[in-house]
Amino acid sequence: MHAAEFIGVKKQFGGRGEDPSPPALENFEVAIREREFFCLLGPSGCGKTTALTLLAGFEMPTAGQALHRGQPVRGPSADRGVVFQGDDSLMPWLTARDNVLLGPRIQGLEKAEQGEIAERLLKLVGLDGHGHKYPRELSGGMKQRIQIARVLATEPDMLLMDEPFAALDAQTRGQMQDELTRIWSSSRRTVLFITHDVVEALILGDRVGVMHAGPRSSIREIFPIDLPRPRDRTDPELLKIYRRIQEILAEEVQRSREG
Amino acid sequence: MKRILLDRVLPYTLTVVLLLSLWEMGSRMINPLFFPPLETVGESFVRMATGDLWAQVLVSLLRIWTGFLLGSMLGVLVGILMGGLPLARGMLYSVVEFFRFIPPIAMIVLAVSWFGTGDVATIFLIVFATVFIVTINTEDGVYHVTRNRVRAAESLGANTGQVFRLVIFPSTLPHALTGMRVAMGNAFSTIIAAEMIAADFGLGFMLQQARVFLKTGDIFVGLVALGLLGFATDRIFRILIDRCGGEYARVA
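In order, the protein sequence lines correspond to chains F and A.
So the first sequence is numbered by the working numbering: it starts at 8 and just counts up by one.
So the second sequence is numbered by the working numbering: it starts at 40 and just counts up by one.
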């Protein structure tokens with residue numbers, strides 16, 4: 008059984024009566040393996056994030072199915088933790104520590120256990136000593152670290168990450184990618200990671216699924232990345248795949264312009 | 040300590056001294072029956088302070104706070120309902136928009152004929168002065184809840200009740216508190232008019248009596264008391280907002 012699977016998924020936005028826009032996804036099919044780091048890569052507007060919202064249960068597919076461990080996704084659940092792109096999902100009235108503890112509190116964990124989780128996770132994401140600060144007092148990178156700690160606190164079966172580093176400056180982004188590799192290697196959960204950054208996908212993923220340009224987007228090709236971690240951004244093997252993917256993306260962008 | 044003295048205490052002191060001097064000069068140029076000298080006001084104050092001034096103030100304050108709290112709770116509840124449920128909004132929007140343009144003072148006549156004079160009528164009017172502004176601000180606050188905050192809570196396992204308690208209510212609170220601060224101002228201006236007509240005790244009644252018996256000194260004591268009370272209440276309110284709302288709701 009796969010950790011997650013999309014079968015013949017179509018997703019169209021806009022309800023009855025409205026001018027129907029073309030579907031964002033059509034015949035979207037991909038299977039994500041147990042404990043795999045899967046990167047979904049594609050030009051902007053290709054429906055990558057749409058795929059993630061279907062698996063998260065925030066939206067329902069118009070046709071087809073999004074499956075988690077063989078079961079159709081019916082709504083959001085703590086089984087599938089989400090890391091969002093921006094910082095607008097953090098609670099600004101809670102400290103970093105309390106944001107991390109949101110999940111454990113929702114699940115009604117004991118105080119002592121909560122304290123242990125907060126210490127351990129803040130340390131894991133390199134924020135020990137910052138637990139008492141409010142989000143607005145933290146940098147963009149630190150806020151994304153809180154999101155990662157928050158999602159790990161409920162020990163989800165699967166992590167869904169929606170371009171979590173896209174808004175960060177290049178240097179912080181590289182640092183966060185290395186950190187994520189380290190964190191992931193220590194826990195080995197299934198991850199669906201959305202990105203439009205080819206290098207990011209190649210540094211992080213076990214496999215990289217490249218999408219067609221939207222609308223009516225689906226997977227064009229899947230690249231296995233059998234390189235040991237942590238990976239070197241200048242590894243010749245990695246650069247070979249990088250060039251191939253860049254070609255595909257250029258083609259896709261060209262094709263969508265010709266429409 | 041020296042800084043506080045220079046920055047805060049000195050300007051306040053200067054203002055008070057200046058105002059009192061202007062007052063004294065004014066009372067010498069204008070008929071003291073209408074503009075009594077400080078001495079007369081002082082005498083009024085001493086007489087009233089040993090009389091029922093404090094009881095009058097207390098009654099007015101109790102009415103304000105009771106009406107204010109009732110109106111605020113109702114406003115927050117209705118505002119969240121309107122922000123969250125399209126049906127509730129559809130039903131209540133025009134009602135709120137209609138009633139909020141009727142000044143509470145215009146409702147005094149009705150309040151008296153419904154409830155007679157006294158606590159019920161005045162508290163009703165304070166509720167009326169509070170509820171709509173709090174409703175509108177709270178409803179606006181609900182629209183400021185970001186979608187991703189709700190989604191984040193849901194994918195951490197929150198049910199509808201928990202989403203409300205952990206995300207929607209705290210997101211809305213600063214907006215509701217802003218509405219409540221404005222409402223508190225409304226409550227102060229309403230209570231006086233309400234008590235002049237719909238009560239036989241309280242600050243407003245006291246002012247009315249002073250006018251009838253041409254005790255201008257008493258009027259000034261009443262006015263100064265009112266200003267000080269409003270100022271103090273707003274301060275207390277700001278401290279409360281700071282305490283409850285923490286970092287997020289810090290008053291600008």
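By construction, these hints were calculated from the structure, which means they are not laboratory data.
Treat each hint with caution, since some may be false.
[As the list claims (entries may be wrong)] To spell it out: a stretch of chain F is covered by chain A in this simulated footprint if at least three of its residues, at any positions, have a beta carbon under 8 Å from a beta carbon of chain A; those stretches are:
id	stretch
1	82-89
2	96-104
3	185-197
Backbone N, C-alpha and C define an ideal beta-carbon position, used for all residues, glycine too.
Each hint, compared with the structure:
With a cut-off of 8 Å between beta carbons, the stretch 82-89 of chain F has 7 residues touching chain A; three or more are needed, and the interface restraint holds. Coverage of the stretch 96-104 of chain F by chain A holds. Counting CB-CB distances below 8 Å, 5 residues qualify, and the rule asks for three or more. Chain A is given as covering the stretch 185-197 of chain F, and this is violated because 0 residues of the stretch bring a CB closer than 8 Å to a CB of that chain, at least three being needed.
Taken one by one, the earlier hints fail for this structure only at number 3.
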